[in-house]
Amino acid sequence: MPTRYRKPGVTSILLLLLLLPLQSQADLTCAFEMFRNHAAMILLIEPASGEIVDANRAAVAYYGYPHEKLLQMNMQQINTLSPLETAQEIRRADREQRNFFVFRHRLADGDIRPVEVYSSPLIVDGRRLLASIIHDASDRDILEETIVQSEARLRFAEKVAELGHWVLDPGSNSYWFSEGALELLGLDHPVQPVSDIREMILPEYRTKMVEAINKLILEDIPYDLHLRFKRPDGRIIDLNSQGLYDATEKQIFGVIHDITDTHEAMRRLSSYTAFYNRLAAAVVVILLGIVGLLYYAVKRSKRAEENLRTSKAALRSNYDMTQLLLNSTAEGIYGVDRQGTCTFCNSAALKILGYDHPNDLVGHNIHNKIHHSHADGTPFPAEECTLLRDIDERIHRDEEFFWHVDGRGIPIEYWSYPLRQNGDTIGAVVTFLDIRERKAREKALRDSEERNRALVNAIPDIIFVMDTQGVFTDVHVPDMAPPLLMPTDRFLGHSIDAVLPADIAARARYAMTEAREQDTIATFEYQLSSAGIVRFYESRTVYAEAFGFIALIRDISDRKTAETTLKQKNQEMEHFVYSVSHDLKSPLVTIKSFLSMLRQDIQAQDHEQVEEDLRYIAGAADRMDELLAALLQLSRVGRTETEAQLIDAAELVEQCLVALSGLMHEKQIEVRVGDIAQKLYGDPVRLGQIWQNLVENAVKYLGNQQQPQIEIGMEDQGDNPTFYVRDNGIGIDPEHAERIFALFSQLDPQSPGCGLGLPMVKKIVELYQGRVWFESGGKGKGCCFYFTLPSALITTEEEKEQ
Amino acid sequence: MNTGEAIVILLAEDDPAHAEIIRRTMKISRIANRLEHVSDGQQALDYLYRREKYADPAVSPRPGLILLDLRMPRVDGLDVLRQVKSDPDMARIPTVILTTSAAETDIARAYDAHANSYLVKPVDFDKFTQMMDSVGFYWLMWNCNPEAWASG
Numbered sequence: 001m002p003t004r005y006r007k008p009g010v011t012s013i014l015l016l017l018l019l020l021p022l023q024s025q026a027d028l029t030c031a032f033e034m035f036r037n038h039a040a041m042i043l044l045i046e047p048a049s050g051e052i053v054d055a056n057r058a059a060v061a062y063y064g065y066p067h068e069k070l071l072q073m074n075m076q077q078i079n080t081l082s083p084l085e086t087a088q089e090i091r092r093a094d095r096e097q098r099n100f101f102v103f104r105h106r107l108a109d110g111d112i113r114p115v116e117v118y119s120s121p122l123i124v125d126g127r128r129l130l131a132s133i134i135h136d137a138s139d140r141d142i143l144e145e146t147i148v149q150s151e152a153r154l155r156f157a158e159k160v161a162e163l164g165h166w167v168l169d170p171g172s173n174s175y176w177f178s179e180g181a182l183e184l185l186g187l188d189h190p191v192q193p194v195s196d197i198r199e200m201i202l203p204e205y206r207t208k209m210v211e212a213i214n215k216l217i218l219e220d221i222p223y224d225l226h227l228r229f230k231r232p233d234g235r236i237i238d239l240n241s242q243g244l245y246d247a248t249e250k251q252i253f254g255v256i257h258d259i260t261d262t263h264e265a266m267r268r269l270s271s272y273t274a275f276y277n278r279l280a281a282a283v284v285v286i287l288l289g290i291v292g293l294l295y296y297a298v299k300r301s302k303r304a305e306e307n308l309r310t311s312k313a314a315l316r317s318n319y320d321m322t323q324l325l326l327n328s329t330a331e332g333i334y335g336v337d338r339q340g341t342c343t344f345c346n347s348a349a350l351k352i353l354g355y356d357h358p359n360d361l362v363g364h365n366i367h368n369k370i371h372h373s374h375a376d377g378t379p380f381p382a383e384e385c386t387l388l389r390d391i392d393e394r395i396h397r398d399e400e401f402f403w404h405v406d407g408r409g410i411p412i413e414y415w416s417y418p419l420r421q422n423g424d425t426i427g428a429v430v431t432f433l434d435i436r437e438r439k440a441r442e443k444a445l446r447d448s449e450e451r452n453r454a455l456v457n458a459i460p461d462i463i464f465v466m467d468t469q470g471v472f473t474d475v476h477v478p479d480m481a482p483p484l485l486m487p488t489d490r491f492l493g494h495s496i497d498a499v500l501p502a503d504i505a506a507r508a509r510y511a512m513t514e515a516r517e518q519d520t521i522a523t524f525e526y527q528l529s530s531a532g533i534v535r536f537y538e539s540r541t542v543y544a545e546a547f548g549f550i551a552l553i554r555d556i557s558d559r560k561t562a563e564t565t566l567k568q569k570n571q572e573m574e575h576f577v578y579s580v581s582h583d584l585k586s587p588l589v590t591i592k593s594f595l596s597m598l599r600q601d602i603q604a605q606d607h608e609q610v611e612e613d614l615r616y617i618a619g620a621a622d623r624m625d626e627l628l629a630a631l632l633q634l635s636r637v638g639r640t641e642t643e644a645q646l647i648d649a650a651e652l653v654e655q656c657l658v659a660l661s662g663l664m665h666e667k668q669i670e671v672r673v674g675d676i677a678q679k680l681y682g683d684p685v686r687l688g689q690i691w692q693n694l695v696e697n698a699v700k701y702l703g704n705q706q707q708p709q710i711e712i713g714m715e716d717q718g719d720n721p722t723f724y725v726r727d728n729g730i731g732i733d734p735e736h737a738e739r740i741f742a743l744f745s746q747l748d749p750q751s752p753g754c755g756l757g758l759p760m761v762k763k764i765v766e767l768y769q770g771r772v773w774f775e776s777g778g779k780g781k782g783c784c785f786y787f788t789l790p791s792a793l794i795t796t797e798e799e800k801e802q
Numbered sequence: 001m002n003t004g005e006a007i008v009i010l011l012a013e014d015d016p017a018h019a020e021i022i023r024r025t026m027k028i029s030r031i032a033n034r035l036e037h038v039s040d041g042q043q044a045l046d047y048l049y050r051r052e053k054y055a056d057p058a059v060s061p062r063p064g065l066i067l068l069d070l071r072m073p074r075v076d077g078l079d080v081l082r083q084v085k086s087d088p089d090m091a092r093i094p095t096v097i098l099t100t101s102a103a104e105t106d107i108a109r110a111y112d113a114h115a116n117s118y119l120v121k122p123v124d125f126d127k128f129t130q131m132m133d134s135v136g137f138y139w140l141m142w143n144c145n146p147e148a149w150a151s152g
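Sequences listed follow chains A and B, in order.
Quick note on this note's numbering: the first sequence kicks off at 1 and runs consecutively.
Quick note on this note's numbering: the second sequence kicks off at 1 and runs consecutively.
Calculated from the structure, these hints are not laboratory results.
Owing to the predicted nature of the structure, the values given are computational and were not obtained by experimental measurement.
Glycine included, every Cβ here is placed at the ideal spot set by N, Cα and C.
Please note: incorrect hints may appear among the correct ones.
[Unchecked claim] Here are the simulated DSSO-like pairs of lysine-lysine, each with C-alpha atoms no more than 30 Å apart in a straight line: (1) K27(B) x K53(B); (2) K585(A) x K560(A); (3) K127(B) x K592(A); (4) K779(A) x K679(A); (5) K85(B) x K779(A); (6) K763(A) x K779(A); (7) K208(A) x K250(A); (8) K781(A) x K27(B); (9) K53(B) x K667(A); (10) K585(A) x K127(B); (11) K85(B) x K585(A); (12) K369(A) x K85(B); (13) K700(A) x K53(B); (14) K230(A) x K215(A); (15) K592(A) x K53(B).
[Stated by the list, open to error] Here are some chain B residues pointing at chain A (derived, C-beta under 8 Å): (16) D15; (17) A17; (18) H18; (19) E20; (20) I21; (21) R24; (22) R71; (23) E104; (24) S117; (25) Y118; (26) K121; (27) V123; (28) F125; (29) D126.
[As the list claims (entries may be wrong)] Take a look, some chain B residues computed to stay more than 10 Å from chain A by CB distance: (30) V8; (31) R30; (32) D46; (33) E52; (34) D56; (35) Q83; (36) S86; (37) D87; (38) I93; (39) P122; (40) S134.
Modelling step: build the complete structure from the supplied sequences, incorporating the hints.
Here it is in structure tokens:
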């Protein structure tokens, strides 16, 4: 039977109807050849029985059977669907108004392929036949699978980048949201009424949104908006929303992007970096999708357009989506081929580099265009550029510059990913960020940290940081602070209770509680001793919720010493004023009392009593005079009497003895002077008064000694000589050691003087940074006064050199 | 009121002029009690404990009142006071501080050491006389001497 249909006439009719608008039937042979040789696979089928009446070369080649064999076969041997399934598909095609059926055909080698069958009825020699054009749909299946995978990647990318997309069908008045979008907006169902979503947009942003969508639908102007959106859980997020109108589908396609984080990231540099790392990861994923899509887009464009219309539509919509995603990111993205020619670029790349149109870059050598110079402006030859040289590698740099169209250098961070095809690198995709702001921020942070460090270093305090449990987490010892008594690692990681003495730890705990509960600076003072040195500290504790406690420890030893000295001086002063008032008041009482008695005694003409009264009055007056003179002298000790000069101690002693020679002779005192050849630099009058007062004091307290002796000398002839004045008089009870140098503290009322001699010695000695003390075997065993004059010696050394 | 033997007064005063003033004001106030004068704190203790030249009880009868100056050589009046008041045998002897010092610290220290009274020597002689008159009436006449009371 099939042979019948091999007639040229029949074939020519078929061709006429089906393929070629032939002008006449004259060229039947030619038409037959065209049917035979046409690239499309064509079968002629008897519809009732399914017998194959004829097949062209392409069909023969596709199915893999010899031509003769094929003409003896039935369609049921090729079509793997059961008659019932086939009938269902035919009905489905009719219902869906398609002009093709989708079947699965078995080839000669057993392979089963998805095919689309376009069938048209034909009348040949009065018989109803079907002419079927067979199209292999395997490629489309692969593409669809790729799209599914790509969409899966897209979903992941959305998630990682915190992106989402939606589709708005104005007809249905509802949104469809992607998984990423649902997560972002906190919604649980992909389809949401438009009105509900509008409600969630904060009121002040609603008008803007509606206007943008209207403009998009009516004028096809894409929008790019910032919105604030209140999620059902109450959280308010910042959104970047972009929309694109798909005129063919009559749908709005949009991308939303959570920029709450971006704002947060802007505030905190650490999150900032993390955010871009995440974005970069998202970009990689998106790019992988794009690569796949582009690959198939290129491949598909070479095929017969007719058959691929639906696939292409799907592809295009996905490609559009990818474009939108590309353009919705802040990163510049461009592609290069192996020669360094730009193959595509996104709008952010153009924006960062100041170009208006993709063609300003696409087709140009990208290195010469945007990467021609180093950061310092020196030329950057293309052959040295890592982006080109290592195009096979993944590259990440953040110290190079891209150049703006106006000639400005822009610090950028870039990532380059190789594009591979069949194992060969065909180019690369470069993603880059303008990091001027980040650099500025980093610099600001660095500056701020430097300032903080300088500030911290300027604080003379030791800084301890403790967590809320009182465990030391950080210790800072400033350069100028005295060293800690323990190394820092004795503190770090340990509790205050483990490190500090119990009493101080308890006070620190108390201060911590106080600082925390009363939100104040809690202070306390304490002292620590190490190796015999006692140091005083002041602790100031504050509480900060972020990390616990900070305690500033200041060494206040110097202040304490000063305070103690001041206290001593104050006491001395108090004592002095007290002594003066008391000792001056005493003779005053005497004078006034005896003046009254004198009057009475004169009235009574008691001459003896009058004489006595006058004696007491005169005595008191003399005592007052004596006191005032001594006080005056004492007050002058601090002041320079004469110019400081170099003088020998022996000379001073000799002058002193000459002045007191009358007294010595009268009391028959034996005076011995030892080796006292010591140069001194100071006020000779004041220095002389030391010996004079000490010798006078010795004379005063010789008592009833039969062989009174006074010895003047010097011990320790080295760097720190100690001078002494020794006597064999009444001696001093050691319990008076403290008192004898105090003002007006004469030990023996029978002795002359007013008790200012030894205080004066003390004052002069202290003026020369020295010390005065005495040793005595006790009462009746004599006494020896010692003193040193360190500062008078130091200057002497310098003078000697001169 | 005191009865029995006349009270012996111990005066510890380093300034002989002041001792003379006290003696005279007592005379004016007709206080005839025996007055024993020592001129510093050491002597005062020697007297009370009958040491050295005060060993003979006839020389150093036990005083019924001590008039004590604060600032004295060798042993300070305050030290004498502390020793007296810390000795159970002496503690009951009324001890009156008689000094030129009106310093708060001296007053506080004196009372801390259980002084029975603190008097500041007036510069004016009439007032000095009035004061000694009062001292005589108060301590020698009206005040109950512990030992007199015990023996009576």
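Quick rundown of the hints versus the structure:
1. K27(B) x K53(B): Holds, because 27 Å separates the two Cα atoms, which is no more than 30 Å.
2. K585(A) x K560(A): The hint is violated at about 36 Å.
3. K127(B) x K592(A): Judged against 30 Å, a Cα distance of about 11 Å means the pair holds.
4. K779(A) x K679(A): violated (35 Å)
5. K85(B) x K779(A): holds (26 Å)
6. K763(A) x K779(A): Status holds; Cα separation ~26 Å.
7. K208(A) x K250(A): Holds: K208(A) and K250(A) sit about 21 Å apart, inside 30 Å.
8. K781(A) x K27(B): It is violated: about 43 Å lies between the C-alpha atoms, which goes past 30 Å.
9. K53(B) x K667(A): holds (27 Å)
10. K585(A) x K127(B): holds (15 Å)
11. K85(B) x K585(A): Since the Cα atoms of K85(B) and K585(A) sit roughly 28 Å apart, the hinted pair holds (cutoff 30 Å).
12. K369(A) x K85(B): Violated: K369(A) and K85(B) sit about 108 Å apart, past 30 Å.
13. K700(A) x K53(B): The hint holds at about 24 Å.
14. K230(A) x K215(A): holds (24 Å)
15. K592(A) x K53(B): This hinted pair is violated, its Cα atoms lying about 34 Å apart.
16. D15: With Cβ-Cβ at 6 Å, under 8 Å, it holds.
17. A17: holds (4 Å)
18. H18: holds (6 Å)
19. E20: holds (6 Å)
20. I21: The hint holds - I21(B) has a Cβ within 8 Å of chain A, the shortest such distance being about 5 Å.
21. R24: Given a least distance of 6 Å, the restraint on R24(B) holds.
22. R71: Given a least distance of 6 Å, the restraint on R71(B) holds.
23. E104: violated (10 Å)
24. S117: It is violated, given that the least Cβ distance between S117(B) and chain A is near 19 Å, above 8 Å.
25. Y118: Violated, because the Cβ-Cβ distance from Y118(B) to chain A comes to roughly 15 Å (cut-off 8 Å).
26. K121: holds (5 Å)
27. V123: holds (5 Å)
28. F125: holds (4 Å)
29. D126: With a minimum Cβ separation of about 7 Å from chain A (threshold 8 Å), the hint on D126(B) holds.
30. V8: holds (23 Å)
31. R30: holds (15 Å)
32. D46: Answer for D46(B): holds, closest chain A Cβ roughly 13 Å.
33. E52: At roughly 12 Å from the nearest Cβ of chain A, E52(B) sits farther out than 10 Å, so the non-interface label holds.
34. D56: holds (23 Å)
35. Q83: For Q83(B), whose nearest Cβ neighbour in chain A is about 13 Å away, the distance exceeds 10 Å, so it holds.
36. S86: Given that every Cβ of chain A is farther than 10 Å from that of S86(B), nearest at about 16 Å, it holds.
37. D87: Consistent with the label, D87(B) stays out of reach of chain A, its closest Cβ about 18 Å off (over 10 Å).
38. I93: holds (24 Å)
39. P122: Label violated. Min Cβ-Cβ 8 Å, cutoff 10 Å.
40. S134: Given that every Cβ of chain A is farther than 10 Å from that of S134(B), nearest at about 17 Å, it holds.
Hint check: violations occur at hints 2, 4, 8, 12, 15, 23, 24, 25, 39; the rest are consistent with the structure.
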